[in-house]
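Trainee: Given chain A, work out where chains B, C and D should sit, using these hints.
Residue-level listing of the chains:
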Amino acid sequence: MTASIMSAADAVAAVRDGDTVLVGGFGMAGMPVDLIDALIEYGATGLTIVSNNAGNGDTGLAALLAAGRVRKVVCSFPRQADSWVFDRLYRDGRIELELVPQGNLAERMRAAGAGIGAFFSPTGVGTPLAEGKESRVIDGREYVLEYPIRGDVALIRAHVADRTGNLVYRKTARNFGPVMATAATVTIAQVSRIVEPGELDPEAVVTPAIYVDRLVLP
Amino acid sequence: MTASIMSAADAVAAVRDGDTVLVGGFGMAGMPVDLIDALIEYGATGLTIVSNNAGNGDTGLAALLAAGRVRKVVCSFPRQADSWVFDRLYRDGRIELELVPQGNLAERMRAAGAGIGAFFSPTGVGTPLAEGKESRVIDGREYVLEYPIRGDVALIRAHVADRTGNLVYRKTARNFGPVMATAATVTIAQVSRIVEPGELDPEAVVTPAIYVDRLVLP
Amino acid sequence: MSLSREQMAEIVARDIPDGAYVNLGIGQPTLVADYLRPGSGVVLHTENGMLGMGPPATGDEVDPDLTNAGKQPVTERPGAAYFHHADSFAMMRGGHLDVCVMGAFQVSAAGDLANWSTGAPDAIPAVGGAMDLAIGARQVFVMMSLFARDGSSKLVPECTYPLTGRACVSRVYTDVATFAIEPGGVRIVETFGISDEELINKTGIPLVPSPFA
Amino acid sequence: MSLSREQMAEIVARDIPDGAYVNLGIGQPTLVADYLRPGSGVVLHTENGMLGMGPPATGDEVDPDLTNAGKQPVTERPGAAYFHHADSFAMMRGGHLDVCVMGAFQVSAAGDLANWSTGAPDAIPAVGGAMDLAIGARQVFVMMSLFARDGSSKLVPECTYPLTGRACVSRVYTDVATFAIEPGGVRIVETFGISDEELINKTGIPLVPSPFA
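Protein sequences, first through last, are from chains A, B, C and D. Using the working numbering, the letters of the first sequence correspond one by one to residues 1 to 218. Using the working numbering, the letters of the second sequence correspond one by one to residues 1 to 218. Using the working numbering, the letters of the third sequence correspond one by one to residues 1 to 213. Using the working numbering, the letters of the fourth sequence correspond one by one to residues 1 to 213.
Bound-form chain A, shown alone:
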């Protein structure tokens, strides 16, 4: 269905207690700040957050964590100079962490969006992150079996949308947005601008509208 244009508050009401929420961004680039703020305001709890990092400073994801709304984080790089909120929760045993190599994180969400049941990845073989996982030698190389990561809701940031939901991004702020959009039941995109259908070059659309349910302007 064609995407609906909504307020951030209305849009994030798609999130239910216990949901898995995919959150775009790599550091601040592509981080859907308004949607995260609305989610904090909204109050859903017991969430699993899938994102590359686990929050910086005291705002955004870190604030969501600090508010006690997150049960588990699935990410590649939680530890950063300013990740004190996550660090404290983790050390206190108050948050669960599934550490996933960045490429497996992206590919597992891609698999969810692409209807792939599981895939053999060469990443992580022989490391502690492959322990307990099924492995197999194919054509002389060892691989680890990885499963899809599906989201109930994806919160992403893009640059411009058309009214139907087609999205383009800006520079490296593209990062996880396009793959998360494919992997969630409901995808909510925070964008800077919404134009009429036909105003985006069809050759340059990065996320086709089929993957986008709700659009939010700043």
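Hints were generated in silico from the structure; no laboratory data involved. The reader is advised that the hints may include incorrect statements.
Here are the simulated DSSO-like pairs of lysine-lysine, each with C-alpha atoms no more than 30 Å apart in a straight line [said to hold, decoys possible]: (1) LYS72/A / LYS133/A; (2) LYS71/D / LYS72/A; (3) LYS154/C / LYS71/C; (4) LYS133/B / LYS154/C; (5) LYS72/B / LYS133/B; (6) LYS133/B / LYS133/A; (7) LYS72/B / LYS71/C; (8) LYS202/C / LYS154/C.
Residues from chain D that face chain B, not an exhaustive set, calculated with beta carbons under 10 Å [as the list claims (entries may be wrong)]: (9) GLY19; (10) ALA86; (11) PHE89; (12) GLY184; (13) ARG187.
Glycine included, each C-beta is placed from N, C-alpha and C at the ideal position.
Mentor: Structure of chains B, C and D alone, referenced to chain A:
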């Protein structure tokens, strides 16, 4: 390495007897006609051709088949109104056919380009095309294990290249080109025009230059 | 009193929700596009890499770089997007299309679909994107005549032709009746000049009569 | 006579072929960019979705939407291309990058790499893209000081820290010597003020002396 601009004849000299050659196009849209003609002229033989179709009429892929250069075809849709060259060779037992559902064909090449060892696909489960293949139930759904299809050489057609090898395509002529470019050791792109680096919008590049080795103008 | 292909297309179109993302298979299903209500917001997908496909191209509109899955020239609607084959089939396989409409040789009572091969020993097999569509779309609608030339039913207790996909069809639109394949069995949705008894006899399936018969 | 970080970066840059596609890891490896010959045609990849990354951005160039893997603002070169994370890591995992340069805690004689965790029980683990880079690039160069603060060698017979990747490192650039990890063993390529004997003693590895020593 930055792509080299060559004649079609010089470019296809990358093909060796017995090679697997990925050939872009869906019908005529995106078919690298000049490269196929050069390959016929060049004379490499014992080839495995991976392409969506198995040639139409008496030109292009059909002419390559008619010249006896092709040992095996891997494709999704060989039988067409005008596929008489393939039909005759196949009925005479002079060409091998591996029939692959179109989505598995694309995904198996994507897997080759993406370093995935194998993947569980829901396509083809319970059909004759899954017979003898490993299958597995994951989360209540049955999947078949599919392996990568790698090419020694890919022959594709794009619209505009920049001098480093970045490619953009035109409309549905994009089809298999981008995924084949990732899946071959040597990728040769026939393009309509070559521009200077910086003239293509970096947000709209479909095939980054890293996947393109040789560029051929008409 | 049985339906023409155009009438069947109209009935299929009626069951496609506004705003749905839809793939219309090669052949008869392409007729459905003619009966989509203008303003319905239905977006057509073609597996060779496009959302927002418009009507067939004619005259100067014909562009060899813009074709549908049947390799016929088509047009582009505002809001269209192009993507490559792996992305297009990821979209299908990932369950993002709301509806696909396909022809069939046979459909079984369990919703098994057979539409790619008659299994004839000398036939040259060709499957295209049919198996991907069959398992990918959220709803698979089949459009076919109910009876083959020899009078046998193409809605069958078990398919005898090689399968395209298992338990994937949700609706079967034929010239004499429309069927819904549901967990409780095959339900007759609507008939066109044929009795429930005849349908049950000819298909050999314990069809559930329409509540509105 | 041991090398500064800048001198190490210069030596690494010397070994990167013209026109190579290269990923420079966070930290010390980013220095290598300063020593690539202008006109070398080397193209820098950053795993957060870009080929054709330029030097760090300063002043008005700073754009929060254009950063490197260390989340620092960078610039774009003519011929750049952007792509999403799954495509970026497919590029890495698929073996399309010619070289990546990373730091390390330890490298083993077999080319095993340990650079993401010291295994300390209270440490918060973080891996980022290191494991994908380790197994993805055609050649993995490591840049590190040879000796830890306690004087122990970081080139070791077997890694004691948790691995990032197995048998993936091809060259190790250190402040006192450069090593090539080859099927026949670890070869000393070049030394800077240290003897082969001392290297063999301190690493505990039967190093193959450089033929040019």
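Trainee: When the structure is checked against the list of hints, which entries are broken? Sort them ascending.
Mentor: 12, 13
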